[in-house]
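*Asks:* Protein chains in written order, with the numbering used here: chain A, 1 to 289; chain B, 1 to 527; chain C, 1 to 514.
Derived by calculation from the structure, the hints in this document are not laboratory data. Treat the hints with care, since some could be wrong.
[Stated by the list, open to error] Far from chain B, some chain C residues (derived; all Cβ distances over 12 Å):
#1 Ile40
#2 Leu74
#3 Gly179
#4 Trp405
[Said to hold, decoys possible] Here are the in silico distance ranges between beta carbons for each label pair:
#5 A:Glu180 to C:Tyr175: 21 to 31 Å
#6 B:Gly96 to C:Arg53: 19 to 29 Å
#7 B:Lys71 to A:Leu87: 30 to 40 Å
#8 B:Thr410 to C:Val368: 44 to 54 Å
#9 C:Phe248 to A:Ile121: 12 to 22 Å
[Stated by the list, open to error] Stretch by stretch, here's where chain A covers chain B in the computed footprint (C-beta under 8 Å, at least three residues):
#10 158-167
#11 170-181
#12 243-257
Using N, Cα and C, we set each Cβ at its ideal position, and we do this for glycine too.
In case you want the letters, here they are:
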Amino acid sequence: MNETLEKRHMGLKASRTISNTLIYIILIVMSVVWLIPFICIVLQSFRVESTWQVGYVVPQQWGWDNYKALWNSDFKRWYLNTFIIALVVAVLQTVIVLCMSYTLSRFRFKLRDGLMRFMLILGMFPGMLTMIILYRVLKDLGLTQANAVPGLILVYVASSGMGYYVSKGFFDTIPKSLDEAARIDGATRAQVLTKIILPLAKPIVIYTILTAFMGPWGDFVFARYVSFGTSAGMNVAVGMYSWLQLDQIGQKYTMFCAGGVIVAIPVTILFMCLQKYYVEGVTGGAVKG
Amino acid sequence: MKKALAMLLALAMVFALAACGGSTAPAEQPAADKPAEQPAEQPAASTGGELAGTYDITVWCADAIVDLTKKQIEDFNASNEDGIVFNATVEAVGEGDAATQMITDVEAGGDIFCFAQDQFARLVQAGALSKLGVQASQTVSEANDAGVVAAASIGGELYAYPLTSDNGYFMYYDKSVIPEEDLDSLEKLVADCEAAGKYFAMETDTSAWYIASFFFGTGCVSEWETDADGAFVSVKDTFNSPEGLVAVKGMKKLVDSDYYLSSSDGAGFDSGCAIVVTGTWAYETVKGILGDNLGATDLPSFEVDGKEYHMGSFNGCKLMGVKPQTDAVKAAALHRLAQYLSGEKGQMERFNAVAWGPSNLVDQADPAVQANPALAALLQQNQYSVPQGQIHGSWWDIAKVIGTDVENATDEAGLQAALDNYYASISALFNMSEEEKTAWSVIGGICGTSWDTDFPMTAAGDNVFESEVLELKAGEELKVRQGASWDVNYGADGTIGGPNVVVDADGSYIVRLTIDGEVGTIELIAQ
Amino acid sequence: MKRYSDLEFLKLSKGQKFLYKLQSFFAAIPRAIGRFFLAIGRLFKNIGLGIGREFADIFNTFKEGDWKTRVSFLVMGFGSMARGQVLRGLMFLLFEAVFIFYMVTAGGYWMSMLPSLGKIGPHQEYNAVLDAYTTAYGDNSFKILLYGVLTMFFIVAFIYTWRLNVKQNKIAQEYLRSGRRLKSSGDDLRSLVDEQFYKTLLALPLTGILVFTVMPIVFMILVAFTNYDGSHDGYNNALFGWQGLANFRTMLTWTGGGGVNYSATFGEILTWTLIWAFFATFTNYFLGMFVAMMINKKGIRLKKLWRTILVLTIAIPQFISLLYVSKMFAKNGIVNGLLLNLGWISKAIDFWGSTAHNGLLPRVMVIVINIWIGIPYLMLIATGILMNIPADLYESSRIDGANAWQQYTKITLPYMLFITGPYLLTSFTGNMNNFNVIYLLTGGAPTNAAASGAAGSVGYTDLLVTWLFKITTGAEAQYYLASVVGILVFLVVAVISLVVYNVLPSIKNEEDFQ
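Could you build the full structure based on these sequences and the hints that come with them?
*Replies:* Structure below.
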């Protein structure tokens, strides 16, 4: 009797070991697949012997040439532009998104349902075409080309109210009884928000800041309209995109890799540090719609 | 309180509106007559003194020549005797990109910009190029080779300054792989590549520019006609013909090879290519990879049914354009600069810096230019090339499909189908339904259009056609035509092809056409 | 179909249950569509009735109003000020002043030009002294349309505010008659941080959405009814004007403009867009869930490491990672080089260029690479949800002898599906409009020969959005056609969303979640 139990236990253990081994193998393979492109970018960014695409990965000659070339190009300016945009957008967009989502989660007013439905419908239009119009509006405001940075910030922030879903979902999970208790104690609605809700909403605030900060680094279609051929107004994506065009790829391919590394580093570090909040944010809010 | 939201909303909008719209006063311009009358008399030679001043301008050019162009503009500032000073911002905007950007928004574009020839007609049509003055036209036509001058002209008038005459392609090869004696035969070259396990790269999957090589080799043509505004009106295209079939058979020989690669990237030599068909711009890259093994020569011949056909090519150029200006003084100064940058000295400097092949006749004769291997190969290929005139923008999209079609075809019927498909799409560009062919319309320098817009007419009885109500101004001219073409058109005297109808007085009119046999009477009926 | 009662349903076998659910889903679709149209009908009816009531109310207010109220009909805010609500009154008055000023100086012009979109086009002039051509510009159709639309918005806002002003007077009059105290300016301000706090919070976000989202969309819709393109840009070359429904006819008839078959092209791209959206959504969903389950399994170590490696694709901007990957899979890229060197293949694989079977290979490739980008999101979401499933559910099921697969289908999957239903829908429609992945990976390649005549050079991996983008940057820059495509995309997305919304069991009542 004791023996059979022991055996079954052994069998279970064995099957668990097998399945765990299998899982490890899958995870290792996946990690390799996930990492290869990034490793390739990093390796190629250190290649000195040539600047174009080649059929091998490991450089024959290592050096900082590509990074030095970056330093001597307009990349600095693009980087600074993007960084400023990302920083300002992170702050303002968070304020707007929080206003929007908190309101829609906590208040019940006459036009609330209509408003939410209206925004849902708005979101179904492909944004691609409205870019040319937004570009013309910004141009009339004088916020294109060399002034693209404030222009881009304006557009990113102004339309950010549409992205309230995730944080509204999060606010919905905070019990309303908390608000009511505070209201009974004589707090105004504004005080409820700043004193009670916001401290509880730390994960979603950080999540919103993080996503708002990461967005501007990747925009190249609209940012390209707004900078309109003026280097001083470009962000990294627009500037670096031209390096992979036919007339430049031969000279700039490894520089693109180096630029990619420089762009990826701060965003990745930030993301890794705040990953915990990101997970809490998405899971707390994203699934509720 | 209830209103706060609405108020804030409205106020915010007011400020937005005031900021954007308020300052824009509606332009009151006298109505345009027919566009751009040619000056009758030779212009009085301007002394240039009235051009003195400082101008803030933007120049768009390829990344490779940004620094050079900055220096050239400084040279211009220092050397010109008219007191013109340009305060220029030079931006790196690629030649393909420049045209797309200009068409998106002409106003925001560079005052002077460089572009490839295939964008020319599109730019004229978009109103992004200002015409050259009489003197400038004369100087430029005399100084540059004839093909390039034709490429920068529409309706016999120059709209841009030639920068290079090297936008053609030829063949780079790796001397260590390809034996000299095989260079004239496509079949042998393909066999050499297969034997060596190396690629033969020619961009026939995605670029009509390269595909045309085979067709020109068998004597096919694709010639396009534009009107004076750069709009395309007709085409003579023989790609769908017995010669065209020979061409795709030759192409099939290349693309069926396991070692064929659709690419025109000179860096391909670093990843397994032995032959790359591309242009002079790849020279530095290829030189860097192959070193002394670099070979450059004209394209080979291919054999179909026992007959040899030497592969042809496009022979094109890069151009420099000046954006239309409202201020005549600035326009004249900009043209002065463009002429300087594209002149003999400018082109030679560009050749020395980045090895762009000059279009200037004096520069072309320079020994240094003739000694450049890439340009020499281009020159060799030029015997078989076709000057790239004005080609409809959609042609590139339509013709590039031949590449993938031919690759997928399994037999001769498949090849023929590729040509049929091509021909159908080409003809569709100008085709109209029967209804559209017989419809009448009013056209003229009316309602803000300049002989480029048809105002439809509808039947108002047997052989009577009427337009909608049109706002016409005294002195404006118009005609009535059929099928949006000038084959059948009526004017003031009722005969086909008669003189323009001139409007007597401002007012709202219906234009009525009454046809009686050959006579078409046009009446303007005031409303 | 036969409908089952709850009891009957429970008696069915597993297969039958599934079949029944499937049937009910599809049976519900026509009803959902029907409900949608009924709702639209009701909406119009309500609007009609509402407008009638408003007019009656305005009339009554005037009839029964005192002189302060009546003056307010012309001088907005007068009544409020006269009754001591100075702040309110001033706001009304200021708004009216600004409106009148704007309409006189600019708005009137834009509105008057809107029907024609401009009368005078540009023309060239020759300056003989300087030997130079200049261009004299006329009206600007683009601006006329843009500011015309803005002015219309403004007029609507004015009418609304004027109506508020009238209503305000009526209320104030009634308050005073019944002897109640009117709110002072101080009260007004205080209420903005308390019971009316939502107005304060929403003011800025909604203004932004109105000007930078709603207005451009209205403009875009209007462009579909004009001939705005590269050679009619409204200012630099020729004016553009209204075309009625001509562009829709071009897109939707079998042989539209110039004999090009746009509707067939549209249908082909739409089909691929839907296939892509389906696979992109569900491959990510299930694979992401499995990865999450693997990492969270008891006994697996280094959980944080695995997660960190996977989320790299979220952290690194797509224009770097996707552009790079697309170069890796080029015919002479690293992947082919490696496979050739290993001797696994004898001929390079044309990952992006193969047109065999309607571009099957590139299509599969974009879906596979999208997995690389998309799994990490789902992994994070699934991780959070899986941790929320009560552990005793699994415990008790194990005691009942359920194996891992049964636990998955009975507990994990239903739980996930219930909670992520709305997310699935949004990610489906999001994928339909997933510009980045397609544009950065293939740019739409390889070219689709059958659609060569259509504007913008259509490829096999092109989605409707990338096609739309290509039309605007193509040879003729046909914004009007792109606009029509945009409207059609909206219709497709809207219909799918509405149908799914009405059929989906969760989402029905958002309060359920709280």
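*Asks:* Give a verdict on every hint.
*Replies:* Tested hints:
1. Listed as a non-interface residue, isoleucine 40 of chain C keeps its Cβ farther than 12 Å from every Cβ of chain B; the least gap is roughly 26 Å.
2. No Cβ of chain B comes within 12 Å of the Cβ of leucine 74 of chain C; the nearest lies about 18 Å off, and the non-interface call holds.
3. For glycine 179 of chain C, the requirement that its beta carbon stay farther than 12 Å from each beta carbon of chain B is met, with the minimum near 21 Å.
4. At the 12 Å boundary, the C-beta of tryptophan 405 of chain C stays outside the reach of chain B, the nearest C-beta of that chain being 44 Å off.
5. Range check, glutamate 180 of chain A to tyrosine 175 of chain C: about 29 Å between beta-carbon atoms, so the 21 to 31 Å window is met.
6. Distance hint for glycine 96 of chain B and arginine 53 of chain C: a CB-CB separation of about 59 Å, inconsistent with the stated range 19 to 29 Å.
7. Distance hint check for lysine 71 of chain B and leucine 87 of chain A: the Cβ-Cβ separation is about 37 Å, which falls inside the suggested range of 30 to 40 Å.
8. Our hint of 44 to 54 Å for threonine 410 of chain B and valine 368 of chain C is violated, since their Cβ atoms are close to 28 Å apart.
9. For the pair phenylalanine 248 of chain C and isoleucine 121 of chain A, the supplied restraint of 12 to 22 Å holds, since their beta-carbon distance comes to about 20 Å.
10. Here's how the stretch 158-167 of chain B fares: 0 of its residues keep a CB closer than 8 Å to some CB of chain A, so the rule of at least three is not met and the hint is violated.
11. Only residues whose beta carbon comes within less than 8 Å of a beta carbon in chain A count, and the stretch 170-181 of chain B has 0; fewer than three means the coverage is violated.
12. Closer than 8 Å: that is the beta-carbon criterion, and the stretch 243-257 of chain B has 0 residues meeting it against chain A, so the requirement of 3 is violated.
Consistency with the previously given hints fails for numbers 6, 8, 10, 11 and 12, ordered from lowest to highest.
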